[in-house]
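K.L.:
Read off the chains here:
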Amino acid sequence: MPGEERKRKTAAQRPICVVFALSLVLFGCTPIGWVRVSVNEPLTPDKVDFIVPGKTRWEDVIRRLGAPDEIDEVQRKIIADYFFYDGRDFWVDLGQPLNYFVQTQNIPHNFTLGGREIGVNTFEVAFDSSKIVQYACFVRGKEAARYVFWPLHAPDAENRPSLCR
Amino acid sequence: MLRSPKAMILPSLLWLLLVFAGAGGCAVSRGDFGLPFNDADVSSIKKGETTQSDIVRMFGAPDTILELDNREVFHYYRYALKHATFLIFSRINIAGDELYVFFDPNGRVEQVLFSKKADKLKFQFWPFRA
Chain X
0 MPGEERKRKT AAQRPICVVF ALSLVLFGCT PIGWVRVSVN EPLTPDKVDF
50 IVPGKTRWED VIRRLGAPDE IDEVQRKIIA DYFFYDGRDF WVDLGQPLNY
100 FVQTQNIPHN FTLGGREIGV NTFEVAFDSS KIVQYACFVR GKEAARYVFW
150 PLHAPDAENR PSLCR
Chain G
0 MLRSPKAMIL PSLLWLLLVF AGAGGCAVSR GDFGLPFNDA DVSSIKKGET
50 TQSDIVRMFG APDTILELDN REVFHYYRYA LKHATFLIFS RINIAGDELY
100 VFFDPNGRVE QVLFSKKADK LKFQFWPFRA
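Same order as they appear, the protein sequences are chains X and G. At position 15 of the first sequence the residue is numbered 14 (numbering that gives the first Met the number 0), and the sequence of numbers has no breaks. At position 114 of the second sequence the residue is numbered 113 (numbering that gives the first Met the number 0), and the sequence of numbers has no breaks.
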């Protein structure tokens, strides 16, 4: 409709993100653990090398990369997203050994350290109204996926040389 | 009096064993969000011939309807999840199958995009490998 403002879906509106988030929160009852949750196989830079902004067409992208996980239209531009999420969860309950001492069994002694980190490596391709690639970039955030023992240290900024083709 | 190395290692091993014993053992499970697509149905879609009603008859109501370039697009999806736990290591792999059917202004199929990733999912427990 003319003048209609179209907004892209938020992560919470995408069913695959809900499945992903639920998977990650179902763990944590053991004294120590590593959990990895992955959505899709990641697209690596060599797999998207063929894309040349301003030249590559919609048909070529679909033929090489397959159907996107999401297609959207914003301001007459078609946006195709290939999702990849990588969740890593680590925790250790340092108080667990106190379970084995009668003197401390009945007092609270949990002391859990860890982190639940989610890396995003979605590849997004935008096409102009002639269905020619306008840009093709990975989103920021791949390196957030890591196992964290010490929760007081925030992740560093993205350090990849180039996110775009 | 100094304790022998063996005497020091044994309690450590015992403690480790107890931690592992409390860690829940092994589990393998799967989850499905929607049903797989029938390949024969997908390959029977003919560009310029198959209509919207045919598509709805084959696959049911679409999960979402998009409007792209003033054309209607039916989007169907399903997701699969495979999970394995071994002692304190767990891994969950998730992937989806996506079917997009683009229609021309006359309501006939113009383009079909289909990707099947759920079949390639593996059961893995080791959480450190890519």
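In case anyone wonders, no lab produced these hints; they're calculated from the structure. Quick caveat, the model's predicted, so the values are computed rather than measured. By construction, the Cβ of each residue, glycine as well, lies at the ideal position given by its N, Cα and C atoms. Some hints could be false.
Stated by the list, open to error - Derived lysine to aspartate or glutamate pairs resembling EDC-like cross-links, with alpha carbons at most 20 Å apart:
#1 K130(X) to D53(G)
#2 K116(G) to D80(X)
#3 K81(G) to D31(G)
#4 K76(X) to D31(G)
#5 K81(G) to E40(X)
#6 K130(X) to E58(X)
#7 K130(X) to D48(X)
#8 K116(G) to E123(X)
To be verified - DEER-style ranges, computed between Cβ atoms:
#9 R139(X) to A26(G): 21 to 27 Å
#10 G65(X) to S28(G): 25 to 31 Å
#11 P104(G) to R63(X): 26 to 32 Å
#12 P107(X) to W125(G): 43 to 49 Å
#13 L34(G) to Y99(X): 43 to 49 Å
#14 G106(G) to T43(X): 37 to 43 Å
K.L.:
Taking the hints in turn, state whether each one holds.
P.N.:
Hint check results:
no., hint, in the structure
1, K130(X) to D53(G), "27 Å, violated"
2, K116(G) to D80(X), "15 Å, holds"
3, K81(G) to D31(G), "9 Å, holds"
4, K76(X) to D31(G), "33 Å, violated"
5, K81(G) to E40(X), "14 Å, holds"
6, K130(X) to E58(X), "9 Å, holds"
7, K130(X) to D48(X), "18 Å, holds"
8, K116(G) to E123(X), "18 Å, holds"
9, R139(X) to A26(G): 21 to 27 Å, "34 Å, violated"
10, G65(X) to S28(G): 25 to 31 Å, "27 Å, holds"
11, P104(G) to R63(X): 26 to 32 Å, "28 Å, holds"
12, P107(X) to W125(G): 43 to 49 Å, "33 Å, violated"
13, L34(G) to Y99(X): 43 to 49 Å, "48 Å, holds"
14, G106(G) to T43(X): 37 to 43 Å, "39 Å, holds"
Checked against the numbered hints above, the structure violates hints 1, 4, 9, 12; every other hint is satisfied.
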